[in-house]
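Asker: Sequence:
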Amino acid sequence: MAALGCAARETSAAPGPGHRMCSDAASRTHPAGGERDAASKKQKKKIRRRASASNGGGKAPEKPAPEEAPPSAEAQAEKLARELAWCVEQLELGLKTQTPNPKQKEQAIGAIRILRSERTPLPRKRQLMRSLFGDYRAQMEAEWRQALRALRTGEELGTG
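Residues in the sequence shown are numbered from 0 upward in steps of one, following numbering that gives the first Met the number 0.
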């Protein structure tokens, strides 16, 4: 039935302004409609996620820790400086303790140069650290805990 309507419109001389011929309409896709559908689906997902997060996702409600307050710019800069220093230290230790091939050595030296550079944007530095070390924050935390444990056992041996 729609095909008959299209044929009738196509046979007319010329469509008026603002009117398209059926062949044009059939060949075109409607990206705006598709985008709206995708956007509404994303919006629904966000709403569902917020609802599950506000309900605790089935978990018991927890009191927010005072540390969860957004850190200040100074604290963030200090944290980034610690992360950068740790990654540079790991790269330098790797160069000293291991015998890398020339390509690995060049990559490590280049990474150190990028991490120390003030002109390199922070996202680039974080991307580089993640590509080199994976979850570098977890590794830093594990190393810190191991050092703390060693200090505690040293104190126990000294006092005991």
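Treat each hint with caution, since some may be false.
As the list claims (entries may be wrong) - Straight-line distance between alpha carbons at most 30 Å, and here's what the computed DSSO-like set of lysine-lysine pairs gives: (1) Lys124 to Lys78; (2) Lys104 to Lys124; (3) Lys104 to Lys78; (4) Lys124 to Lys95; (5) Lys124 to Lys102; (6) Lys95 to Lys78.
Simulated from the structure, these hints should not be mistaken for lab results. All figures in this text were calculated on a predicted structure; none of them were measured in a lab.
Asker: Each hint: holds or not?
Answerer: For each hint, the structure was consulted:
{"no.": "1", "hint": "Lys124 to Lys78", "result": "holds (13 Å)"}
{"no.": "2", "hint": "Lys104 to Lys124", "result": "holds (19 Å)"}
{"no.": "3", "hint": "Lys104 to Lys78", "result": "holds (27 Å)"}
{"no.": "4", "hint": "Lys124 to Lys95", "result": "holds (22 Å)"}
{"no.": "5", "hint": "Lys124 to Lys102", "result": "holds (20 Å)"}
{"no.": "6", "hint": "Lys95 to Lys78", "result": "holds (26 Å)"}
Comparing the model with each numbered hint stated earlier shows that all of them hold.
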